[in-house]
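Trainee: For chain A, the structure is supplied; the task is to place chain B on it using the hints.
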Amino acid sequence: MNKEQVYSVWAPEGCVWSKWAKPVLFAYITDNTRMLGDSEPEEWGKSVPAATLDTGMVIDLDGPRGVFLGVRIARKGYCPVPLYNACPREKLTPSPDDPVRLGLIDSEDLTPQGSAPVVEVSSIVSALAGAADELRGLNVPCSAPPAFLLDWRRGGVGKQVSIGMFDNRSVIFPSDFPSAAFLKDRGIRTMVVASETHVPEFDLASVLREWKAAGLDVRIQVSGPIWAPKPISLPEPSWVRRAAFWLHSHLGLQRNFSGGYGRVRRGSG
Amino acid sequence: MELGLATINNDLRLGPALNAEGFSIIRRRMMLDHFKWDPQIGDESVLLEQPLILSSKTWAELATRAELMAAEIASIEIELLERPELQTVLGLPAPLQRALRGWANAGLGVGLRVLRFDFHATAEGWKVSEVNSDVPGGFTESSNFTALMAEHYPGTRTPGNPVQAWKCAVTSLRSGPRAGILYASGYPEDQQLVSFLGSVLEEEGCRVGFLQHPQQLSWQNGWAYLDQQPLDILVRFFQGEWLAEFPIRSGWPHMFGPTQTVVTNPGYSVLAESKRLPLLWESFSNPTRALEESFPQCLDPRDIESGEEDWVFKAAFSNTGDDVVLPALLGNDARRRIRRHIQRQSDKWVAQRRFVSLPVTASSGVLLYPCLGVYIINGRTVGAYVRLSRGPVTDYRAIEAALLIADDREGAP
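Just so you know, the protein sequences line up as chains A and B, in that order.
Everything in the first sequence is counted per numbering that gives the first Met the number 0, starting at 0 for the first residue and increasing by one.
Everything in the second sequence is counted per numbering that gives the first Met the number 0, starting at 0 for the first residue and increasing by one.
Next up, chain B with everything else stripped away, as it sits in the complex:
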């Protein structure tokens, strides 16, 4: 698969801005009907009035690439569960490693798995900065915002609707299930997302309960109980490494072993969430070719002796750009402090070779660097979540856009 520079330059662009009135209506619908409760950061609107438009050929290539990587991850997860010595390399907290032991020889069974691969257009072709394997977010923006924007751009289509696909996957497991949604308090974007997922499930006749602490569940024979009622599905919107900070007596380890209640994402998803996963490519007996081709080179921080400005340092478990360090952007003092910190905990960090992202130009003239998060649900590509940053790191200040696919296929109207 060739995803070179020419392809990117020709095939990825920002479409024209939607007129102010039309965009204002969409923004208000997102806020009042679609759980987008954080539409503004400082002086900037979080939602961009221009869609990102990708050629159908490139979208097909990215979708295929994401499915190949998802298949490879599924096979190496089994290997990781059978070879706990590899888990240590991932920087996985010890309590999580212990909790995952229950999977040994258990088989992964039927479940519901969501992944999101974050693609970046670079001078060397498309690169994947990370896979959101454990708790991927962005559902309302990638589903509802994209659909609302698409109505105004004839000649384009959406790349899918992740939340519709998720809903279908949930309801195909059990009809009219009783579901619990576990999430961490204190995070507005998580609160709005779980409220959204809860409402989607209720539309399908599910009975939904929310919980913010694993101790609100009791466990019996692999079933999770909430308010004395067994749950068919437990939506775990709570990062594995955060849960591992609770005392064992809170019962969180149940979620990380085989269960009768379908836990999604399953506990073993935390393995591929580690940013240190690429350090293991050569250790796996299963193929990792698509992953190796897509990820930048990664090294243990201890192996970086010079030229650290060519590298990005990431904590093994980090979210939305927190704990991502670019030495090239730091002054000497800060760089020394960070270097000492990372060297002291090098088994919790990874060095990823920097790539040169290619920007798109907004109608305001500002250069924006796109990150295309391609969702996979149970092995199939179902949509994409776009964030655009003003700098080299996609963090909480990134703005969000709809990804639309140019309907340039042969035979398209």
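The following block holds chain A by itself, in its conformation from the complex:
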């Protein structure tokens, strides 16, 4: 499948949730993109109950694991919606004299000038491409509740950033998701976060806080064998935390590279 076909599988025409699907990773799919299959244990995700029309999900997992779980729960009636927002590399296709073009290196393994990305997302590209055939065959109905897919490492968890690296870190904002009013209008009453940790990252927490304030029941489920989402506590962040978020998303990017690539929407005029 080419990039248009893969995108059409993940964001099918006529599906209400498709307009939120982020296109950037799909734009990077080429003939050279390798397919990555689901390598998680067979039992993983089996405890997720069949979809009901009043419950949506946010899958905030490490790298391609989000894609894998997204497909597994698509079998149970959810509509996976990729919200991956980071660039894999700076150029869509490598330069003519790049080792990639010469067949020496896989295109997903390097960026031009050898600058390594802070967040490795090429495996997510491969997983999206690799899962497209199966997802197409599932024929997820347009009425299916959404499962928004995020990369838990989007903020550069555990990465040291240095000058010359391709800084593709990202943060998400409430404007990356449907509003609580839209979700409720579609019959969604509960949003369950499937996460690597008990506490959502600061950017996701700000989204969940808005949903909760608007009356949605927001729960969290840490990746594991038993499915028992718990109500989530989302206290207002301290002023230190708020200041850190503001710096992270507004100022730090230029001053000390502590920010990231995300919908800060404060770019040039």
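Keep in mind that the hints were calculated from the coordinates and are not lab data.
Some hints could be false.
List of simulated lysine to aspartate or glutamate pairs, DMTMM-like, C-alpha gap at most 20 angstroms [to be verified]:
no.	chain 1	residue 1	chain 2	residue 2
1	A	18	B	32
2	A	18	B	20
3	A	18	B	43
As the structure is a prediction and not an experimental result, all values here were calculated from the model.
Mentor: Quick look at chain B alone, frame taken from chain A:
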């Protein structure tokens, strides 16, 4: 030039919505082929399925007006470089002022300059809210989206293709150049734009390298080097005032003086980016008539003693509506806080008299307020970027539309 109310009411409208299937194809092509990676904000599509249609007469008037203003800016920039005392009024950070000293008596030389004047239809005629002099954006929307929409609207034409004009201007400087594109990380709309510009240059045989930090460059005899290779062109998609926050040792000041590597936009472009520029109209010996007629009245915030609801307060350097304050929309507490903040830093802010924008009506019935960004490349009008807002400020929530010109010229088919 008369650009009055009647002209606006008769000549600016939203065209009919493109059918859902046709628009969906365009939206997907923009996302997958034309670097439009932020097509949705909350529940709203960023791209409007209706084009904004302008009469050819009014477009010609706006284009001429923009070229006149660009010529005036070119002359006052030379004056600003020769009279550093005026730079202080602009609220320009001191490190930038020091970096620009290298231009004194150097001549501006051959370069590549892009400007975008943001026009608004108002009750008093067309007004310009600001000039994007340093790092104007919106290229893929104004070029590709406009071209794709135009295919569906016979009897109209595009106002130009800014990115084609930019590409021609770049390749006319040096053939097959090696180019560097410097941009700030953390901004998706900037990432998609520089990726777009990079691909456009590569199509023309340029070798393109990207960088996110000025320290990735080394400088020798006016040439910028990236990966030990000299650059013919350095595309600076990084706001001047942001670069000035880096340490001097990162080498950013090189970009703001005369160079052998063509830097675009040149460093002195940051001067006209200041929203405080209109405070200097009377200080220039060069003419500023077109600028004065087009911009609303501007004052230093300290000179606003009452009636502040008639004014908009803008930070000297602000982008996409951030740091734009309308006291009329604020509660008393917020207004007091903002007033204290602005008065403390009044030399970094400007008060611009509010104008009443005229809306157009979308097919959904919603009123939208258009902002027409008219691009100038090396003195010539090359196209336009349209944003439509639901309120009086054009900010990041604005939606984008194609501007099409009604082919109503005499002799048009």
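Trainee: Below or equal to 20 angstroms on CA atoms is what counts here, so check residue 18(A) against residue 20(B).
Mentor: Holds, because 14 angstroms separates the two Cα atoms, which is no more than 20 angstroms.
Trainee: Checking one constraint from the list: CA of residue 18(A) to CA of residue 43(B), max 20 angstroms. Satisfied?
Mentor: holds, 9 angstroms
Trainee: Does residue 18(A) pair with residue 32(B) here, judged by a C-alpha cut-off of 20 angstroms?
Mentor: Distance ~17 angstroms between residue 18(A) and residue 32(B) Cα, so the pair holds.
Violated hints for the displayed structure: none, as all numbered hints are satisfied.
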